[in-house]
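Since the structure of chain A is provided, determine the placement of chain B on it from the hints.
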Amino acid sequence: MTLLSVKDLSVSLKGRDVLRDVTFDIGPGEFVGLIGPNGAGKTTLMRAALGLLPFTGTCSLAALSENARARQAAWMPQAREIAWPVTVETVVTLGRTPHLKSIQNPADHDRKAVDTALDRMELGGMRHRDATQLSGGEQARVLIARALAQETPLLLADEPIAGLDPAHQISTMQTFAALARSGKSSLVSLHDLGLAARHCTRLILLGGKGLVADGPPQDVLTSRRLADVFGVTAWFQETPSGMVFQLLDTLS
Amino acid sequence: MTRLAIILCVLVVGLFFGSLLIGPAEIGITDSLSALFVDDGGAMTLVMREIRLPRALLALMIGASLGLAGAAMQGYLRNPLAEPGLIGVSGSAAFGAVLAIHTGVAASFALALPFSALAGALCGVFLIMALAGSRGTSLTLILAGIAVSALAAALTSLVLNLSPNPFAASEIVFWMMGSLADRSMTHVWLAAPFMAVGFALLGGLGRGLDALTLGEDSAQAMGIGLTRLRLMLVLGTACVVGAGTAVAGAIGFVGLVVPHLLRPLVGAHPSRLLWASALGGAAMVLTADIAVRVVLPSRDLKLGVLTALVGAPLFLHLILKLRRERI
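These protein sequences, in sequence, are chains A and B. Going by my numbering, the first sequence opens with residue 3, and the numbers climb by one from there. Going by my numbering, the second sequence opens with residue 109, and the numbers climb by one from there.
Extracted from the complex, chain B is given alone in its bound form:
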């Protein structure tokens, strides 16, 4: 158990530095690290502090968010196919962003787009809480999530449909693919407080999720307040996923694949899976973000495209493995 924690931590730290050191501006390892820590007043410090550091930090934060929220969602719904996008927050955040691009608000000031996405996420959360109610089963939450996701997707399509020119449409499509390119420290500071709140909420779910292994009735009879647990789950997921989508667009498959991949390594304990998944998600997004820079540096390969490309076959492999075990 502690071995897995050490391996994952080393992996994440290694990838974080890898992300800092790899880029089109070819700077040596010692040069780049010294430029990061000591302000040399030149281009190197600018590249390190304003381009690579925010990118690496966002990959770390968003990856951890998606992994943690995915593990929490799967634990709550007791379903390995659940993912953070299920409650419709990423969809509604994306819709908010798309609306900002379409109306031109996004161009009016630097953070207009992420703010608009956050507003969209907030609307999504209110809608889902109104639909699913404070009391209710996990099934009502899934249904409400599907309804909100479908509505957000339909509205996004509507905006694309009514898009005045192909440039706006392609900008919207590219944004929705998800990317960490050209983000600044402002984005980091915008997402950080939401993610901190989300991590605190989701991190406190372990005991309840463990008890839920035996079903909602048993968990409740073991002293777990399910109403409170569900509220913490929805708000926590909304904070981390809403903030992540707001600054980086939709990055799929991380919240689905990472918990699934790590579950056997933590003895299937939902509480242990929370932190393992957070670290695993960070490692996966950091790796993917390094890969987009290395594989096709000149073509601006989108991060969300790569995670889906890697995630989908990986997921298929897991399903096939599961099928072999069940026979």
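Excised from the complex, chain A in its bound form:
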């Protein structure tokens, strides 16, 4: 059973090819890191897969109706927008939108989903605070909790850990890994290759408008690909405490 099946997906924006013939499947229990340099098409790939952008090719998610898709996949965009000074709890409750007629009267299991999501992102103590008054990193955690509260089999997040402090970067990655162990899957775009190598079960590397590599982190992150796609050198080694990855220099 696959949660997301993308086949020959291509996107052109204003006549310019952004992505060409991307094909991959995501099954249950995977934590997939989407990596690639700026402008490689990570955001475009995720938005097209969700049906938020016109594309050619096929995608199982985009083919669903709006409401069915919202029950299948949650999406956390890169732009962290919270327009009104609502409480943290309200923002997270918005994640229940696909399951509710109105967010004004959530049922007990909706409240439970919200509580679980708040606990996962360590936001219990902030639930009654005004979300627009929080720091950028705290807002990011609130929005991740919002996506978690949607309780979908699949979660797509665009740079969720950007701007988080080190401890919360790690705990957020561990949250996604824990979701994978419970059978849910996530597709998460990342720039921190060290965290990606250590926590993801699989990496998809984008570069030059298409898919360059797809597989377990140690297979995808080779010296050659780092040089070709990112223009950097790195040191990495399998250690008793997991994979350790350190960027060293740029190739100019």
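Derived by calculation from the structure, the hints in this document are not laboratory data. A portion of the hints provided could be inaccurate.
Which bits of chain A does chain B cover? Going by a derived footprint, with three or more residues having C-beta under 8 Å, they are [unchecked claim]:
hint, stretch
1, 35 to 49
2, 64 to 74
3, 88 to 96
Note that the structure is predicted; figures quoted are calculated from it, not measured. Just so you know, even glycine gets a beta-carbon here, dropped at the ideal spot from N, CA and C.
Chain B alone, transformed into the frame defined by chain A:
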């Protein structure tokens, strides 16, 4: 939350009766209410049923319309400075009315003016839908709205410019200030069906507007159909604002100030703000319409002038408060 609902409801009901009881024909409370409900065949029933009742009803309906449309528009655009006039419907409705006054059609039969205004509003809606398209972002809607408003304002100025005599010009200017004086039950019945449709359309937006708090992408991924939402918003606003402008002229600032004022009291939830704003708008217009009768009873102070006079300083105060909070 329920406390706010009760307070607003009591306020609106109280003001509605206040509006029925206050006027130049000084009739006692019991006399006026009994004349309203029991036809005494005399002048008192005529005053109550044909003058005061339509006036109070229109204030209630138009106030609720402006408040509701303002809250919906601010929620959709995620901007506290948005207002119902933004999509150009009130401007084009006013142009339709002005054209009717200018050409003399307005004098030909009783409802010629509101009908002409409704036709103007309809043209405005078609124009804005053609410009903004069915797909597109909130930015295209704002731009299209500005274009339509500017065009309607320019055409209105042109009509004023070419006005054959100063009387027609002053009639146009006075009409544009907005008023509820001398309206009849016919006006109520003309506006009511449009407003009912508009209320139904706008009232159904709550869930989508709540989701839009997190941006268009997030809302869409949470299962909200943005194309449908936008269509409902534009048509709903056009119905309530077009009908309101057609019977009462342009009444500004209500749709801008009321949602802003009530937002902190509903925890900033866009869906809760919809009904709170409708009640608040009704209260504000009822109050303003009572005030124009009490403050300068002999001078026919225009309702739109008063709402702007009260609304602008109130709005400035809110901006200053916001500025203090942000520092």
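Given coverage of the stretch 35 to 49 of chain A by chain B, tested with a Cβ cutoff of 8 Å and a minimum of 3 residues: Coverage by chain B is violated here, the residue count being 1 at a Cβ distance below 8 Å.
8 Å C-beta criterion, at least three residues: is the stretch 64 to 74 of chain A covered by chain B: holds (count 5)
Chain B over the stretch 88 to 96 of chain A, status - at least 3 residues with CB closer than 8 Å: holds (count 5)
In summary, the one numbered hint that this structure violates is 1.
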